[in-house]
Amino acid sequence: MNDPKSAPDRLQRFEQLILPHIDAATNLARWLMPNREDAQDVVQEAYLRAYRSFESFRGDNGRAWLLAIVRNTCFTLHAKTRTHAPEEPFEEETQETVCETLPGWANAAADPLALLERRSEIELVKQLIRSLPFDHREVLVLREVEELSYKEIASILGVPLGTVMSRLARARALLERKVTAHFHEVPRQ
Amino acid sequence: MNCADAKKLLHPYLDEELDAPSAIAVAEHLQQCARCAAELERHKAASGLIKAAMRPEPGAAVDLSAMRRMLEIEHRPAEATHRRRWFALGAPALTVAALLAWALVPSLPGSGRSERYVYHINSSDNATSALGNIAFHLETAPKAHFVVVTHNEGVDFLLRGASDGAGTPFQPRVAALKERGVQFRVCLNTLRVRHIPQQQVIAQASFVPSGIAEVGRLQIEEGYAYLKP
Numbered sequence: 032m033n034d035p036k037s038a039p040d041r042l043q044r045f046e047q048l049i050l051p052h053i054d055a056a057t058n059l060a061r062w063l064m065p066n067r068e069d070a071q072d073v074v075q076e077a078y079l080r081a082y083r084s085f086e087s088f089r090g091d092n093g094r095a096w097l098l099a100i101v102r103n104t105c106f107t108l109h110a111k112t113r114t115h116a117p118e119e120p121f122e123e124e125t126q127e128t129v130c131e132t133l134p135g136w137a138n139a140a141a142d143p144l145a146l147l148e149r150r151s152e153i154e155l156v157k158q159l160i161r162s163l164p165f166d167h168r169e170v171l172v173l174r175e176v177e178e179l180s181y182k183e184i185a186s187i188l189g190v191p192l193g194t195v196m197s198r199l200a201r202a203r204a205l206l207e208r209k210v211t212a213h214f215h216e217v218p219r220q
Numbered sequence: 025m026n027c028a029d030a031k032k033l034l035h036p037y038l039d040e041e042l043d044a045p046s047a048i049a050v051a052e053h054l055q056q057c058a059r060c061a062a063e064l065e066r067h068k069a070a071s072g073l074i075k076a077a078m079r080p081e082p083g084a085a086v087d088l089s090a091m092r093r094m095l096e097i098e099h100r101p102a103e104a105t106h107r108r109r110w111f112a113l114g115a116p117a118l119t120v121a122a123l124l125a126w127a128l129v130p131s132l133p134g135s136g137r138s139e140r141y142v143y144h145i146n147s148s149d150n151a152t153s154a155l156g157n158i159a160f161h162l163e164t165a166p167k168a169h170f171v172v173v174t175h176n177e178g179v180d181f182l183l184r185g186a187s188d189g190a191g192t193p194f195q196p197r198v199a200a201l202k203e204r205g206v207q208f209r210v211c212l213n214t215l216r217v218r219h220i221p222q223q224q225v226i227a228q229a230s231f232v233p234s235g236i237a238e239v240g241r242l243q244i245e246e247g248y249a250y251l252k253p
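Residue numbers (my numbering), protein chains in the order written: chain A, 32 to 220; chain B, 25 to 253.
Do not take every clue at face value.
Which chain A residues stay away from chain B? Per the calculated CB distances, all over 12 Å, these [said to hold, decoys possible]:
#1 Ser87
#2 Gly90
#3 Leu199
#4 Ala212
Partial pick of chain B residues on the chain A-facing surface, computed with a CB cut under 7 Å [stated by the list, open to error]:
#5 Leu88
#6 Met91
#7 Ile97
#8 Phe160
In short, the hints are calculated from the structure, not lab data. No experiment lies behind these values; they were computed from the predicted model shown. Beta carbons are placed, not taken as given, at the ideal position from N, Cα and C, and that holds for glycine.
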């Protein structure tokens with residue numbers, strides 16, 4: 032195996048192990064930053080940081096390692112964009128709210144008509160996810176898109192496993208509440 | 025296992041994060057309890073929607089070859105010395121990265137903030153000249169970001185089958201610009217007021233709640249320059 036500290040191999044190894052995860056890095060930054068241009072700046076900066084600290088990479092999971100750097104770069108470069116979780120306490124009961132207004136949400140098997148609606152439905156879900164707090168958006172993207180384990184997410188965020196579980200539940204429930212609320216508001220507009 | 029216990033475990037069950045005994049206990053409960061089984065189905069559907077909404081947008085990634093060149097520069101000790109000097113001067117990290125990119129990597133944006141233009145179109149009468157303007161603008165500023173925001177009669181040229189006075193369809197021209205990174209946004213308020221179904225809008229365009237609000241937001245929040253063709 033190549034020694035990561037040997038200079039000629041370093042760039043090559045980095046290109047093999049870290050560069051391929053650029054889509055995942057960009058997507059995470061895109062969800063954590065307010066706009067596409069800032070997200071691209073973050074990815075660029077995160078890659079520079081990753082390359083400079085490549086010695087600390089132990090070679091087990093390049094994607095998780097890079098995503099942790101992307102996430103921290105978002106924090107330090109644009110800490111002001113961080114939105115805090117709402118003060119209202121999380122209520123377990125909200126999980127029971129049945130949402131019947133968004134077909135893709137309520138039915139796993141969508142009929143052809145529902146598929147037609149799905150495009151605008153996804154646009155709506157995107158908007159509502161954007162309105163979630165930073166720490167909700169990050170667990171959702173790491174779990175739902177990157178499909179990382181709770182353990183990997185815990186290590187990226189530097190929090191205990193139980194916190195990952197409760198944040199995920201909270202994020203999913205809050206999103207569902209927003210979807211439901213959106214459809215209750217529509218007739219009034 | 026009762027419903028309260030099962031409900032707490034539904035997300036980890038779906039995420040395959042439970043140990044075998046707990047997973048079996050949940051599965052057994054789900055066979056007996058239609059209510060919890062229905063809730064699991066709802067979580068599954070929600071998860072599918074979240075995945076679809078959050079997955080990477082095609083073409084959104086940073087240019088890989090530009091990134092590779094940036095790393096090669098970072099790799100060279102000579103330039104690295106330069107960079108350290110900038111650090112010593114107290115320039116913020118992002119500016120340094122941007123400066124480095126500007127000086128040595130031609131295909132990266134020219135400064136911390138790239139050029140950004142919003143084209144505001146509220147009448148499709150001049151859509152032909154607007155698309156032409158953008159194409160020329162793109163030639164002069166190939167690295168700039170372009171967003172076209174349409175509302176009122178401006179949405180018409182982004183509807184399926186739309187063509188100009190000479191009968192030439194708009195869609196291929198829109199698709200070609202989109203291909204080069206130009207984004208087209210359509211006002212949902214306009215569609216609602218004019219009773220135009222969203223399905224009638226061509227796939228190259230995306231939607232915003234209000235076109236006019238988007239024109240304002242891009243200028244205030246994202247530093248876009250306003251252009252009215």
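Status of the hints after comparison with the structure:
1. Ser87: holds (16 Å)
2. Gly90: holds (18 Å)
3. Leu199: With a cut-off of 12 Å, Leu199/A comes too close to chain B, as the shortest Cβ separation is near 6 Å.
4. Ala212: Ala212/A clear of chain B: closest Cβ-Cβ about 15 Å, beyond 12 Å.
5. Leu88: holds (6 Å)
6. Met91: Status holds, d = 6 Å.
7. Ile97: Given a least distance of 10 Å, the restraint on Ile97/B is violated.
8. Phe160: At 22 Å from the nearest chain A Cβ, Phe160/B fails the 7 Å test, so the hint is violated.
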